[in-house]
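Asks: Letter by letter, the chains look like this.
Protein chains: 2
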Amino acid sequence: MGLIVQKFGGSSVANAERVMNVARIVTETYHSGNDVVVVVSAQGDTTDDLIAKAAEINPKASKREMDMLLTAGEQMSISLLAMAIESLGYPVISLLGWQAGFNTNSAYGMARIKSIKTDRLRAELDKRNIVVVAGFQGLNKYDDLTTLGRGGSDTSAVAIASALHADRCQIFTDVEGVYTADPRKVPGARKLKEITYDEMLELATLGAQVLNNRSVEMAKKYNVEIEVLSSLKRVPGTIVKEVANVEKMLVRGVTKDTDVARISVVGVPDVPGIAFKLFAKLAAKGVNVDIILQSVGRDGTKDITFTVSEGNGPLAVELVKEVVDLPDEKIVCDTQVAKISVVGAGMETHPGTASKMFEALYEINVNIQMIATSEIKISVLIDEKDADRAVTAVHNKFLPEE
Amino acid sequence: MGLIVQKFGGSSVANAERVMNVARIVTETYHSGNDVVVVVSAQGDTTDDLIAKAAEINPKASKREMDMLLTAGEQMSISLLAMAIESLGYPVISLLGWQAGFNTNSAYGMARIKSIKTDRLRAELDKRNIVVVAGFQGLNKYDDLTTLGRGGSDTSAVAIASALHADRCQIFTDVEGVYTADPRKVPGARKLKEITYDEMLELATLGAQVLNNRSVEMAKKYNVEIEVLSSLKRVPGTIVKEVANVEKMLVRGVTKDTDVARISVVGVPDVPGIAFKLFAKLAAKGVNVDIILQSVGRDGTKDITFTVSEGNGPLAVELVKEVVDLPDEKIVCDTQVAKISVVGAGMETHPGTASKMFEALYEINVNIQMIATSEIKISVLIDEKDADRAVTAVHNKFLPEE
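As given, the protein sequences belong to chains U and G, one line each in that order.
Per our numbering, the first sequence starts with residue 3, numbered consecutively.
Per our numbering, the second sequence starts with residue 3, numbered consecutively.
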């Protein structure tokens, strides 16, 4: 008995059958005596289809008009879900982002939620309505529609849970929860019962795309407990919270990210300010740099190696050339690399973690190109072809099959 | 130089190519120095597709949620048209019904416009923006989306033209204007330069589906001059106004309506109140009755014959049976009938019109089943198989080829 916010992504409402499935989950929750607010994304490929339609007419359409177009996607899914809930005989009302009180700033396409005016939401809950809210969207101070950017529906759900002080925020996806590694690739991967916000953030950044990062950041900020679970299989999922039950597990997950390019700059003059100029330039052009490695100066030169996303590789090379005057063969971009990471909040107090990871890789003869560590994460860059067996080896080293 | 409202229907914006075509018409009008407000319907079959999607999930969906679903249709078309206009380098903004200030009552699915708050529209025009407005939709006092019903975009356009005191309201369609008969069927049919509101109303009711009736009623009420013209062929259309130039033409058009069922009730007891009870019952169930014919009483009984739309035929028969106690063979529904009408404001002062029409039908040996006349219209009911040649014969009698 309480107030539960449930969020369903596009694939969970992709067709009539799945919409009915969601309607059943929602009404069962309501039937158990809970107030329910449901946040929904656009159906299946709707958003991509709309983007394609716009591109056919104007590939450089303004973001304001793109948001006007894309917000129609959730408008369709909320009304269809409401109709499905009506057909099961429950009281329901659908609300657009602005009707649900979502005020955002004016950064079309990636707007930030400024506040939620909950009057309408509360009034509908008081009438004992199930409230279906369009995720991903809001209204700015000019009364124009905005979108929160990809994955924004997770953020909408967490924001509503926070604003209404909900007892739980359930994010339904097509996986059963958060796993210690990709279960399709690593046979021994297990589902976690609990995980901390910080661990979840590291895992999300590293390519375990279960929850949108901004939603986790918001959940952490407002201390909203999230449950990640499957919309297709009725089993308990993973709880994301401030302090997770450690379950004697040092490491929470092992992830692989192949969307990585390694840029090597060999023989940079060893004078002050070069690194600063280089990375300032990359930042100014919006190129995110992940791992950085700089060799000790020798013979008046040094080597700088760093990683960016694959798509930013060619641009990064161009920008390097603008800063350092070196022949082409000295500036190399390698996309055949992968980043393998272990994540776990307990890690910082266990100094042996890094060496244990290196040992696992050594045992299967995988060469480490770069290393980066943070308080709850160790990442290594390796050859892309070794990535899958590296994940399995590292995973089984830390999380042997029980 | 002035303020022009232009309305484009669903087929005019059915695909990317047609959206670009509309963008060119709009920007040419703007380029000539006019302020332009464009009202757009949903693209092509969007509305029907959405209705089908809803029916798959819940055939008895609430009208409130249907309106939430359907209004997404124009939201997509306005943004796509705005993007097309952007691509031609003109300043433009799209506005939803509620953003354009459309306040309606709460009759979901067939809402009436109560007022238009023009602040936003005027502000955008003051910025020299082309304003693209979603037709067919508004907002009720509960801040919920409503639709005006089929053809409602015409009404939206006329309402904006009236509210902004526009110099002209152009309704673009896939025909070139209003014709004296269906040009695909009657070779001698010609396009009218001008027509009065009343004539247009009669023609629309009779099946010449060029303009939505409510929009013509509104145009008449607020004296908004409408031009009906083609979005594909750049030629002058037909002006709809209070007093039209008669052009020496008595008759403005000849129409055919085959969506008619004739109900014959034979041998009704000739006692007072039967007709009243019957038609009150039909009205209470929402069955519109068109032509009514009652025979003179004879042998204590009389015959009542009336027409309804084909879809209402079976219901009408049921309702008749509830009022009069007659065997089944005495209550007959015939759908193989057609209504042929001539319309013209000059008609009332020319008593020969009816006999001229009957003469034309007599000449081609067509039997007249029922007759109805109004100040500007004469309708006859005939066998459906004779309908096309009857239209041609009547048309050529009144409007011989020049």
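Source of the hints: derived by calculation from the structure; they are not laboratory data.
Just so you know, not all the hints are guaranteed correct.
Chain copies aren't distinguished; within one or between two, either way the pair holds.
Cross-link-like lysine-lysine pairs, in silico, DSSO-like; alpha carbons within 27 angstroms at most [unchecked claim]:
1) Lys195 - Lys223
2) Lys62 - Lys129
3) Lys287 - Lys195
4) Lys55 - Lys235
5) Lys119 - Lys143
6) Lys304 - Lys283
7) Lys283 - Lys223
8) Lys62 - Lys304
9) Lys129 - Lys65
10) Lys399 - Lys332
11) Lys62 - Lys287
12) Lys283 - Lys55
No experiment lies behind these values; they were computed from the predicted model shown.
Asks: At most 27 angstroms between C-alpha atoms: does lysine 62 with lysine 129 qualify within a copy, between copies, both, or neither?
Replies: between (45 angstroms within a copy, 22 angstroms between copies)
Asks: Are the CA atoms of lysine 55 and lysine 235 at most 27 angstroms apart within a copy, between copies, both, or neither?
Replies: between (34 angstroms within a copy, 25 angstroms between copies)
Asks: One pair to classify: lysine 195 and lysine 223, alpha carbons no more than 27 angstroms apart. Within, between, both, or neither?
Replies: within (21 angstroms within a copy, 68 angstroms between copies)
Asks: Which holds for lysine 62 with lysine 304 at a C-alpha limit of 27 angstroms: within a copy, between copies, both or neither?
Replies: Neither. Shortest intra-copy (41 angstroms) and inter-copy (72 angstroms) distances fail the 27 angstroms Cα cut-off.
Asks: With identical chains treated as interchangeable, where does the CA-CA distance between lysine 283 and lysine 55 reach 27 angstroms or less: within a copy, between copies, both, or neither?
Replies: neither (35 angstroms within a copy, 50 angstroms between copies)
Asks: Could you place lysine 304 and lysine 283 in one of the four classes (within, between, both, neither) given a Cα distance threshold of 27 angstroms?
Replies: Cα proximity of lysine 304 and lysine 283: one copy only (19 angstroms, versus 96 angstroms across).
Asks: With identical chains treated as interchangeable, where does the CA-CA distance between lysine 399 and lysine 332 reach 27 angstroms or less: within a copy, between copies, both, or neither?
Replies: The answer is neither: 38 angstroms in one copy and 90 angstroms across copies each exceed 27 angstroms.
Asks: When Cα atoms must be at most 27 angstroms apart, do lysine 62 and lysine 287 count as within-copy, between-copy, both, or neither?
Replies: So lysine 62 and lysine 287 pass the 27 angstroms test inside one copy only (19 angstroms; across, 53 angstroms).
Asks: Is it within, between, both or neither when you check lysine 283 against lysine 223 at 27 angstroms Cα-Cα?
Replies: neither (31 angstroms within a copy, 64 angstroms between copies)
Asks: Taking 27 angstroms as the upper bound on the Cα-Cα distance, should lysine 119 and lysine 143 be classified as within, between, both, or neither?
Replies: Intra 13 angstroms, inter 18 angstroms, cutoff 27 angstroms: intra and inter.
Asks: Could you figure out if lysine 129 and lysine 65 sit no more than 27 angstroms apart (CA to CA) within one copy, between two copies, both or neither?
Replies: The answer is between: 19 angstroms across copies meets 27 angstroms, while 37 angstroms in one copy does not.
Asks: Checking an output row: lysine 287 and lysine 195, CA cutoff 27 angstroms. Within, between, both or neither?
Replies: neither (40 angstroms within a copy, 60 angstroms between copies)
Hint compliance for this structure: hints 3, 7, 8, 10 and 12 are not met, and every other hint is.
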